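Asker: As a plain string of letters, each chain reads:
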Amino acid sequence: MGVAELEQHIEDFISKCGKSPSISTLIAADELVVVKYLPAEHLGVVLARGQLYASERAGFTWGDGVYVAPASFPLTTMMYGEVGVVGTCSAVGLKFFDASDPAGIDLYQQWITHQTALYLELTTTVHASVANRELRNAFRTRFQIDCVCFRPDEHCVNYVDATTDLWLAFTHWDAYRGVGHGFSGVVRALKWCVVVPDAFKPDGRGHKAFLHKTLSATHSFTRGGYSTLATDILQAYAAPAKQVIVCDFS
Amino acid sequence: MASPAPDHSALLESFLLRTYMEALHDPAGSAQDQLQRRMAIEHLILEQGTGMLRVLQRAFNVIDDLNTNPQVAQWFMTFVSSLSEDWLRETSLGIPQRIWRESVDVRLRRKAADLIAKIEVAIDPYLSTAYGSSLVALFREAQPKPFDGPLAPDAKLIIDVLFERAKLMPLSLLNSPQGALGRYSLRVVRYCFADEYPKMSAEQIDTVASLAGDVNDALRGRILIALV
Chain A
1 MGVAELEQHI
11 EDFISKCGKS
21 PSISTLIAAD
31 ELVVVKYLPA
41 EHLGVVLARG
51 QLYASERAGF
61 TWGDGVYVAP
71 ASFPLTTMMY
81 GEVGVVGTCS
91 AVGLKFFDAS
101 DPAGIDLYQQ
111 WITHQTALYL
121 ELTTTVHASV
131 ANRELRNAFR
141 TRFQIDCVCF
151 RPDEHCVNYV
161 DATTDLWLAF
171 THWDAYRGVG
181 HGFSGVVRAL
191 KWCVVVPDAF
201 KPDGRGHKAF
211 LHKTLSATHS
221 FTRGGYSTLA
231 TDILQAYAAP
241 AKQVIVCDFS
Chain B
1001 MASPAPDHSA
1011 LLESFLLRTY
1021 MEALHDPAGS
1031 AQDQLQRRMA
1041 IEHLILEQGT
1051 GMLRVLQRAF
1061 NVIDDLNTNP
1071 QVAQWFMTFV
1081 SSLSEDWLRE
1091 TSLGIPQRIW
1101 RESVDVRLRR
1111 KAADLIAKIE
1121 VAIDPYLSTA
1131 YGSSLVALFR
1141 EAQPKPFDGP
1151 LAPDAKLIID
1161 VLFERAKLMP
1171 LSLLNSPQGA
1181 LGRYSLRVVR
1191 YCFADEYPKM
1201 SAEQIDTVAS
1211 LAGDVNDALR
1221 GRILIALV
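First to last, the sequence lines map onto chains A and B. For the first sequence, our numbering assigns the number 1 to the initial residue and increments by one for each residue that follows. For the second sequence, our numbering assigns the number 1001 to the initial residue and increments by one for each residue that follows.
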């Protein structure tokens, strides 16, 4: 298939993505509520700016972008940071690419073979991850894709379900409608809403959770606070059942 | 006559800036540490406004060899290339021009050429001065006689970057205000190969258009129009 015909197929595919079952459910309302987990060290500057940061290096599934999960999948990206920030994106008029659909992936894979220099670099050099990033940015620029919707590609038992969860890569557009990076207003009205109770570490091609459910299943949990923590701890220690305090800062 | 005393404050400021910018990619730090540093300085600059960019660019005053610390150029161009036109207008063309001339990293040089085009469009949104683009000058340095033999590597790199911009733009966008960079890129390609007069021959136009590679008919038509 020539590139012109292929690109027409891709345009046709994208035009239908907003109506695919997975995406149409997400964008049933005009506003899409999303959650971004990030390391606590970044929270201060993110809240001060009111903007998330669009990634700007190799190693992200669909290139540079603001990676979030729909709030309807609150656990699926929890392993990426200690705090969860929630915000909204307008779903009106957005151009989606449904990468959870094998047909979309097939079209993308065909398209990159036409990007001669980058494809050569991807397939024959040690710089594959850099070429991958550039190819995905080029694809999203060429088809002006505002958001790629894809299945998780990193596992974490009890948190990620790669068959049902969806992750989203929103595009931060530069001044000339190319894929950009850095602080982005694509997700608005940010609020810090979650403190993650578990601890994670990288594990192979994903992450491993230490507490849930290996240890959490055999314990009960009660709420405590910094100001009452001494009493809370003594009560938990004295309790006949295995009890753990989940405390807040009050 | 005695030479003027050095501006110690400016020197120290430039040195500290350069040191911080180098640390943005310090391999001793984790990816999160590096990101934290980038976010901190970018937030500060964006909060304070475009005037900060003028100060930031002083870091390049004390960099003797861009290839020793390419990460400074890498971060700077990554940062400014995603900013709005107001910020691009405050970006000194001299920095990407210098990176183009001095860097040995092809990826960095491609980014420099792309940033030059972006800055020039931000400065001249009516695209009336494509003939005076510094990319034309850089092309001609590498290829004084554009149609004599195959393109020199540097000349080809510039043409690749320019055509890439247009190729990655849907035609509907290319014809819209947001497609200014794509249209400008095509005009600059035209002036790389020929001055305003005499115009290129049909054969020469075909030769230049073929450098765009595999493109659909609509884009090819757009390219031909730009080259005439």
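None of these hints come from the bench; they were simulated from the model. Quick caveat, the model's predicted, so the values are computed rather than measured. Keep in mind that the hints are not guaranteed to be accurate.
Beta-carbon label-pair distances, calculated as ranges [stated by the list, open to error]:
#: 1; chain 1: B; residue 1: 1176; chain 2: A; residue 2: 8; range: 17 to 27 Å
#: 2; chain 1: A; residue 1: 48; chain 2: B; residue 2: 1123; range: 28 to 38 Å
#: 3; chain 1: B; residue 1: 1176; chain 2: A; residue 2: 90; range: 14 to 24 Å
#: 4; chain 1: B; residue 1: 1027; chain 2: A; residue 2: 205; range: 16 to 26 Å
Calculated pairs, SDA-like style, for lysine to any residue (alpha carbon to alpha carbon, straight line, at most 20 Å) [stated by the list, open to error]:
#: 5; chain 1: A; residue 1: 208; chain 2: B; residue 2: 1032
#: 6; chain 1: A; residue 1: 201; chain 2: B; residue 2: 1032
#: 7; chain 1: A; residue 1: 201; chain 2: B; residue 2: 1029
#: 8; chain 1: A; residue 1: 16; chain 2: B; residue 2: 1172
#: 9; chain 1: A; residue 1: 242; chain 2: A; residue 2: 218
#: 10; chain 1: A; residue 1: 95; chain 2: B; residue 2: 1032
#: 11; chain 1: B; residue 1: 1156; chain 2: A; residue 2: 121
Under 7 Å between C-beta atoms, here's a sample of chain B residues computed to sit facing chain A [stated by the list, open to error]:
#: 12; residue: 1036
#: 13; residue: 1043
#: 14; residue: 1078
#: 15; residue: 1141
#: 16; residue: 1168
Just so you know, even glycine gets a beta-carbon here, dropped at the ideal spot from N, CA and C.
Asker: Next, verify each hint and record whether it holds.
Answerer: Consistency of the hints with the structure:
1. 1176(B) - 8(A): 17 to 27 Å: Holds, at about 20 Å.
2. 48(A) - 1123(B): 28 to 38 Å: 31 Å, holds
3. 1176(B) - 90(A): 14 to 24 Å: 20 Å, holds
4. 1027(B) - 205(A): 16 to 26 Å: Once the Cβ atoms are compared, 23 Å apart, the range 16 to 26 Å for residue 205(A) and residue 1027(B) holds.
5. 208(A) - 1032(B): Roughly 19 Å separates the two Cα atoms, so the pair holds.
6. 201(A) - 1032(B): 14 Å, holds
7. 201(A) - 1029(B): Distance of about 18 Å is within 20 Å: holds.
8. 16(A) - 1172(B): 19 Å, holds
9. 242(A) - 218(A): Holds, at about 7 Å.
10. 95(A) - 1032(B): Roughly 30 Å separates the two Cα atoms, so the pair is violated.
11. 1156(B) - 121(A): 18 Å, holds
12. 1036: Check passed: Cβ of residue 1036(B) comes within 5 Å of chain A, closer than 7 Å.
13. 1043: 5 Å, holds
14. 1078: At about 5 Å, which falls below the 7 Å cut-off, the nearest Cβ of chain A leaves the hint on residue 1078(B) intact, so it holds.
15. 1141: 23 Å, violated
16. 1168: With Cβ-Cβ at 5 Å, under 7 Å, it holds.
Of the numbered hints listed earlier, those contradicted by the structure are 10 and 15.
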